[in-house]
Amino acid sequence: MANFLTRRRWTNRLMIGLSGVAALIGMTLLALILGYTLVHGLSYINVDFLTNASKSVGEVGGGMRNEIIGTLILVGLASVIAIPVGLMTGLFLADFGSPNMASAFRFVADVLSGVPSIVVGVFTFAIVVKPMHSFSAFSGGIALAIIMIPIIARTAEEALRLVPVSQREAALALGITRWRSVLGVIIPGALTGIVTGIMLGVARIAGETAPLLFTALGSNFGVQGIFKPIGALPLQIYHFALSPFKDQQQQAWAGAFLLVVLVLLVSLIVRWLSRGKKY
Amino acid sequence: MVVADDIRKLSPDKPNMSYSAQIGALEVENLSAWYGKTLAVNNVSMRIKTKAITAIIGPSGCGKSTLIRCLNRMHENSNNGRVSGSVKLDGTDIYDPSIDPVAIRRRIGMVFQKPTPFPTMSIFDNVASGIRLTRLWSRRNQLAEVVEKSLRHAALWDEVKDKLDRSGASLSGGQQQRLCIARALAVEPEIILLDEPCSALDPIATLKIEDLMKILAVDYTIVIVTHNMQQAARVSDMAAFMMIDDKCAGTLVEYDETSRIFTNPRDKRTEDYITGRFG
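Line by line, the protein sequences are chains A and B.
Here numbering that gives the first Met the number 0 is used: the first residue of the first sequence is 0, the next is one more, and so on.
Here numbering that gives the first Met the number 0 is used: the first residue of the second sequence is 0, the next is one more, and so on.
The hints are simulated quantities; they were obtained by calculation from the structure and are not laboratory data.
Incorrect hints may have been included.
Which bits of chain B does chain A cover? Going by a derived footprint, with three or more residues having C-beta under 8 angstroms, they are [stated by the list, open to error]:
1) 112-119
2) 123-132
3) 174-186
4) 253-267
Only a predicted model underlies this, so the values are computations on that prediction, with no experimental measurement involved.
Ideal placement from N, C-alpha and C gives every residue a C-beta, glycine not left out.
Construct the complete structure from the given sequences, taking the supplied hints into account.
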């Protein structure tokens, strides 16, 4: 009996210890990635980098102003497309769809969020870039939106589901139609969760590179409108990191730094938004 | 107390609501209710007394709540909820295919077991929500008057008049429940259904709700579900005793004046329940 208890106690300690070690490994890796990028990037980032356009190959100096603006435009375009579509899909999954339809759609959304981003890029190339005969910011926005939609849809669904049935029934019992109760009661109740999902989607697509290779392409001529090719931070990091020139490699580090800070910032906003969750 | 004349003056758009042509006579005929294939309420017929309090009592799981949810067509929102038979409101079957359940719920309000104020809304907005979200009419100054009238009617005005912009969730449980009653009154129903409104409240808050019910019964027809026999004896004019029959479905055993049910019941099962021999 005593023997048996001792063994259980030691198994318990072992498992707790192992999970602690695993957590430590994960944390260390994250700290290394962040630390390495931040330390390297910080030493190369400066006002010129933020405010100047890039120089031609081989020339020293220049910055990523156009790519920063390009990333903001691409993320903006993707959001404009993905937020309404994702939110409506989330509503369908949580509220309006019949259980069978909803579970089918949920499966599709989960598969879609697991599709490799390069496949999304090639797909968008085929259905948008080819017919329009041009790489463009527009097609880049669509590619990023395709990645963003399932993220928003699923987080919005979870957030909407957290609004208790009693709230829905209370609204119905007042003689409010379902659609009006969704707009007036359920979405406000789920708002922090929905916004959190949108921010998570933004954080995810801000750093995507592969879908932009075949769509936004990158541009040496600055921002020329949404139906022309456009530069983006991750694209430029990709190009410059492979460059043989020291100056461009350093700029790639600075770009990586900027991207990490951007994603961290968005994550912090998410934490701040969801601090006082109602449900 | 606000008298009927004041109310008519406050809402000139709807002069006849509640007080003359529509008296809110509710008649249940051969009503059965299912959850999927499970029969929950078996063939209940009863005529609800107008401008009085009718209590539905019985042991847990006897179909009391299901029955009351059939009276304003809330049951059909439950999982696979299904109803047969009829419920006539002023002679019109509310289950007639041409009848919009939303319109029925505007005339038959409901308050639930757990207080359900909308946590994203202020106290004022909670009371106004039924009007705003149904767009019955919404002139701002009128809205303020109706909110005050409803809160006074629900005996809550004095406690909240200085903090109407505070969240409805900031109130105590008893106040929240009276807020829900005020919210139901604001859309001017003729009938108010209360589904165990005091089971989450302390004795003092319970007493307040009971006093309030007696006052409201002057103007409204009230149906209350309770598993508290003392409460039924204290507040109701009529009492219906329900029990599970041999098919495990809730059935109406006896329906009579409360004084008679509690002093001289006709059915042996009622007597056994009243005297505490089971349940």
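To see whether the hints hold, each was checked on the structure:
For a cut-off of 8 angstroms, the count of residues in the region 112-119 of chain B with a CB near a CB of chain A stands at 5, and the three-residue condition holds. Note: the region 123-132 of chain B has 4 residues with beta-carbon separation from chain A under 8 angstroms; the three-residue rule is met and the coverage holds. With a threshold of 8 angstroms between beta carbons, the proposed coverage of the region 174-186 of chain B by chain A holds, since 4 of its residues qualify and at least three are required. Check result for the region 253-267 of chain B against chain A: violated, 0 residues qualifying (beta carbon to beta carbon below 8 angstroms, three or more required).
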